[in-house]
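Visitor: Chain by chain, the residues:
Number of protein chains: 2
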Amino acid sequence: MGRIKCVISYDGTNFSGFQIQPKTRTVHGELEKALKKMHKGEPIRIHASGRTDTGVHAKRQTIHFDTPYDIPYENWKRALNTLLPADLYVREVEEAAASFHARYDVCEKEYRYYVWNEKEPDVFKHNYAYHFPYTLDISAIQSACKQLEGEHDFTTFSSAKATTKGSKVRTLYQVSCSKSGSEIEFIFRGSGFLYNMVRIIVGAMLDVGQGRRRQEDIGRLLTQKDRQLLGETVPAQGLYLWNVKY
Amino acid sequence: MGRIKCVISYDGTNFSGFQIQPKTRTVHGELEKALKKMHKGEPIRIHASGRTDTGVHAKRQTIHFDTPYDIPYENWKRALNTLLPADLYVREVEEAAASFHARYDVCEKEYRYYVWNEKEPDVFKHNYAYHFPYTLDISAIQSACKQLEGEHDFTTFSSAKATTKGSKVRTLYQVSCSKSGSEIEFIFRGSGFLYNMVRIIVGAMLDVGQGRRRQEDIGRLLTQKDRQLLGETVPAQGLYLWNVKY
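Line by line, the protein sequences are chains W and P. So the first sequence is residues 1 to 246, counted in the UniProt record's numbering. So the second sequence is residues 1 to 246, counted in the UniProt record's numbering.
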């Protein structure tokens, strides 16, 4: 009985994103369908830390919902996972304060982005990383990443389609890049992220890595506040919502 | 012009196996569709080292076909990959002797099978390994594996549905098992394999690892030649055709 907080993970490949939509398979829709079954047909509304786009994965996404039932937490987990499809899994279930909100109470989010930096594609990575066959200067990317850390107005690095009103100032605690074998990992930790922000930043970082843009330009781009100055948004399948902190 | 040999890889998740069938998406069907386009509507027949079942993956499968065209090998590769879907990739293209046959000339095949041995499932491994949550005695499995190496009649370890007539004697050069973190890898190298043989062997090895069957029994099972003596065939998604040698 009361408010329940769940940490879930999903393989985004076969979901049309997170948000509920009629006639398409979404994470939100599958969760509410399972909860409705558990509540004998009573609709249960869930709230998440935020949406993810089609093809974006989640290692640890957080949701909350209210229930009239009084069930041990371990049983909630087992019951939900029995009803959910194989590409969506409830990792943790716990009691939350009545005032807890999965979206409004977020204090830090972490995203990771994976690039497969090999000349030839790998069929097993197609849905899980962005295949980028060109040579990259990783240390130039690392320097450019550092310039994005801290509090900035990220208008230049957010989608022109974004409907968000209000401030585009966000604080990034960590922006880093490392390479292990042919796999490049970007880590982003911040107070919040604008729409498409991670994918636009990674696109700009790959430009830097190819020498198509200088690492010193990043600071100037931030002050110019113009999305048109940047290149392409990298594809969704390399992106993972890695963790949410409250 | 002449006979072309290709090494291909595919993610088996979204294919209804290898063999061509009307109305379903198969590896064979996608390859012949691409070749037909390249040959201006002329159907081109391909031959593979063998079939793989629905959900089974291939790191290196080999096929051959005959073409009237005289195209540099690098161009064949590029042209085919442009026409093929993202989960099917041509890794190598080379000229073959007119007498070469991808199926009849095989001298060694290698399969690998992956088990995800963690209490909790991982949504990102669901299509790529078999989730087995119970504790396993890996050294007992390793001893049992050794008893399968060499020349044996594998009737006990082949599908009762198999239509293969003739000898069920095969030679296995390597049967091994190792664990790294939560991932268990089985490697099978042999002169040839019967239908479902790898998946039936892995099922028996997991029985040994759980103590439900003694490692010493394996030799006796081979001599009994009865599929009914064994338990379940493990699922297709953990299986990879790893290499084919000629």
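To be clear, the hints were calculated from the coordinates, so they are not data collected in a lab. Check the hints yourself; a few may be wrong.
Pairs count within a copy or across copies, as identical chains cannot be separated in the list.
Said to hold, decoys possible - Straight-line C-alpha distance at most 20 Å; calculated DMTMM-like pairs for lysine to aspartate or glutamate:
hint	residue 1	residue 2
1	K225	D137
2	K77	E118
3	K77	E149
4	K119	E92
5	K40	E149
6	K37	D53
7	K59	E120
8	K5	D217
9	K161	D53
10	K33	D137
11	K119	E185
12	K125	E92
13	K77	E108
14	K225	E30
15	K23	D87
16	K125	D87
17	K119	D87
18	K119	E74
19	K179	E92
Visitor: Could you figure out if K77 and E118 sit no more than 20 Å apart (CA to CA) within one copy, between two copies, both or neither?
Guide: between (40 Å within a copy, 17 Å between copies)
Visitor: State whether the alpha carbon distance between K37 and D53 is at most 20 Å within one copy, between copies, both, or neither.
Guide: neither (26 Å within a copy, 34 Å between copies)
Visitor: Please work out whether the CA atoms of K59 and E120 approach to 20 Å or closer within one copy, between two copies, in both situations, or in neither?
Guide: between (27 Å within a copy, 13 Å between copies)
Visitor: How would you classify K77 and E149 at a CA-CA limit of 20 Å: within, between, both, or neither?
Guide: Neither, since 37 Å and 43 Å both go past 20 Å.
Visitor: Measure nothing new, just compare the shortest in-copy and cross-copy C-alpha distances for K225 and D137 to 20 Å and report within, between, both or neither.
Guide: neither (26 Å within a copy, 59 Å between copies)
Visitor: Please work out whether the CA atoms of K77 and E108 approach to 20 Å or closer within one copy, between two copies, in both situations, or in neither?
Guide: neither (25 Å within a copy, 46 Å between copies)
Visitor: I want to check one pair: K125 and D87. Are their C-alpha atoms no more than 20 Å apart within a copy, between two copies, both, or neither?
Guide: For K125 and D87, both the intra-copy (16 Å) and inter-copy (9 Å) Cα distances are at most 20 Å.
Visitor: Checking K225 and E30: alpha-carbon separation at most 20 Å within a copy, between copies, both or neither?
Guide: neither (38 Å within a copy, 46 Å between copies)
Visitor: For K119 vs E74, is the C-alpha pair at or below 20 Å within one copy, between two copies, both, or neither?
Guide: between (46 Å within a copy, 14 Å between copies)
Visitor: Taking 20 Å as the upper bound on the Cα-Cα distance, should K119 and D87 be classified as within, between, both, or neither?
Guide: Between copies, since 17 Å is at most 20 Å while 30 Å is not.
Visitor: Go through the copies and call it for K119 and E185: within, between, both or neither, with a Cα cutoff of 20 Å.
Guide: within (17 Å within a copy, 27 Å between copies)
Visitor: Is it within, between, both, or neither for K40 and E149, if the alpha carbons may be no more than 20 Å apart?
Guide: So K40 and E149 fail the 20 Å test inside a copy (48 Å) and across (55 Å) alike.
In terms of the numbered hints stated before, the structure departs from hints 1, 3, 5, 6, 8, 10, 13, 14 and 19, listed from lowest to highest.
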